[in-house]
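Trainee: Listed here are the chains, written in short residue letters.
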Amino acid sequence: MAYERIHPAVLAVYFLSVTIPAMFSQNPVLQIVSFAGAVCFLVLTEEELPKARTVVWMTLLFVMVVVINPLFNHRGQTELFFLNGHAITLESVLYGVRNALCVISILMWCRIFNRMVNSEKLLALLGGSFPKTALLLSSSLRLVPLIRHRAGEMRDTQKELGLYGNGEMADRVTGGAKVFSMLVTWSLDHATAVSSSMKARGYGLKGRTTYSLYRFRKRDAVKMALILLCDAAVLFLMAKGKLAFSFYPALTMADGKGTVIAVILYSLLVFAAAVMEGKNRIQWNYYRSKI
Amino acid sequence: MKKTITIILLAVLIPALVVVGAVVFRERFYAWLALLVAVISCVPLFYAFERRDSTAKELMVLAVLIALSVIGRIVFVEIPGFKPVTAVTIIVALSFGGEAGFVVGSLSAAVSNFYFGHGPWTPFQMFAWGIIGLLAGLLKKPLKKSRILLCVFGALAGILFSVTMDVWTVLWAEGTFVPKEYLAAIGAALPLTVEYAVSNVVFLLLLAGPVGKKLERIKKKEGLFTEERPTARAEKNPADIPEKEELSK
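Protein chains in written order, with the numbering used here: chain A, 1336 to 1626; chain B, 4 to 252.
Don't read these hints as lab results, they were simulated from the structure.
You can trust all of the hints, since none of them are fake.
Derived DMTMM-like pairs: lysine to aspartate or glutamate, alpha-carbon spacing no greater than 20 Å straight-line:
#1 A:1541 to B:53
#2 B:60 to B:225
#3 A:1467 to B:53
Per label pair, the in silico range of CB-to-CB distance:
#4 B:83 to A:1610: 33 to 41 Å
#5 A:1390 to B:190: 28 to 36 Å
#6 B:224 to A:1449: 35 to 43 Å
#7 B:190 to A:1449: 28 to 36 Å
Just so you know, these numbers come straight off a predicted model, no measurement behind them.
Ideal Cβ positions, reconstructed from N, Cα and C, are used throughout, including at glycine.
Produce the entire structure from the sequences given, and follow the hints as far as they go.
Mentor: This is the structure:
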């Protein structure tokens, strides 16, 4: 993956630059661009097809957000029909679509960010100013699957010993409580064992540094500068009202050269990830074809 | 030196972010502001936690507790609103103090959202659960004495959580804060609020006794989170010490 070679700080700034304008602007064009960029990236990088459950869930969320707004909001001038004496307006339906696109695209970008910045990179990113918080985050992320696995083993053992069946509700609840209680004891003991090992390796001693795999190179600086430049231009144009958009009472949108430039710059930002990934793919296939 | 830089950075950065939001995100300024408040109010608390001396043991115990509350949230995923995170946060705060409660509450939100999906709501959840932990730590003396008070606090914490999340819902949908819509959102979320409150009470009644006992045991055994240990700041700042002496007189 192309993003593996990029410093996590650049990835974090990129993530913020993609999500924040779409989140805090009313303009649906930004939402559409950000949604399209996320889909492109996910299609290019996802090894297997997304699970049907994810797609269904996202569609459900989309429909829900679209439907909720016109039910509570009756502003707008184009009435579609009346429901319980309240007008359902075209504008509020479109506003619902904007909100839904926004939620879905941000969910997708968060998913992409999760993939790009794994816990090791997160540690490197936070490690400078929040080392303890970073340690807590990464170790609890590791502990969740470990403790769950342990809980499964305890439950199986308990069942095998015939200490609780899985028939009645009350039986299951007391069994679950018992496993949870053991789990707490075991995990706390596990914590003290791990911390002894950390202490033996010199955790918390003065002058001890943490090794970071990620060095901020020249190419990272170039990327960072390009992203920040794009950001500055987009935010400046937004401040000038070039991306202003209002849904009520009727759809009105700023237009002109500034708007086009702002949308183009934002699209460049959003599609940069997908383009880099695509380039990487093509290069890989090209080199492989020559073998 | 590092501390001064951080403070100057925060003093410049926060007003700058507010001004930028007011100019750039005019249409959804309140949503921006709310997100900023949620993020910024967590920063000093985490910063205080970073400044405090903590042993590897304390950190690992906190990590385990975060993991346990996240697992609880995953296990009960089928029932929306029925999550033990608040109860675990309160129990931790009662045994280990408000700071530990804050850290466990807010990081449980951050970690569990790796499973449930991160979004702009993450800072709000971190804020809400963190503050609940902090409050429980401040009120730990009366809460430890009375079961009834603990349950009342749990129910109130559920309501606080729900009401905080409704702020985000309204701001997200509307971009500006409309009191009427806020009340409507609270009304719409009423069943969920009730569920939060009830589940907190249920989990507190189930867990406060046994888990609290285990935490107290490990606290005593390993000497964790003792309050009399000098913090890094008190060591460097002798001015703090006479104050304490005055108090004892």
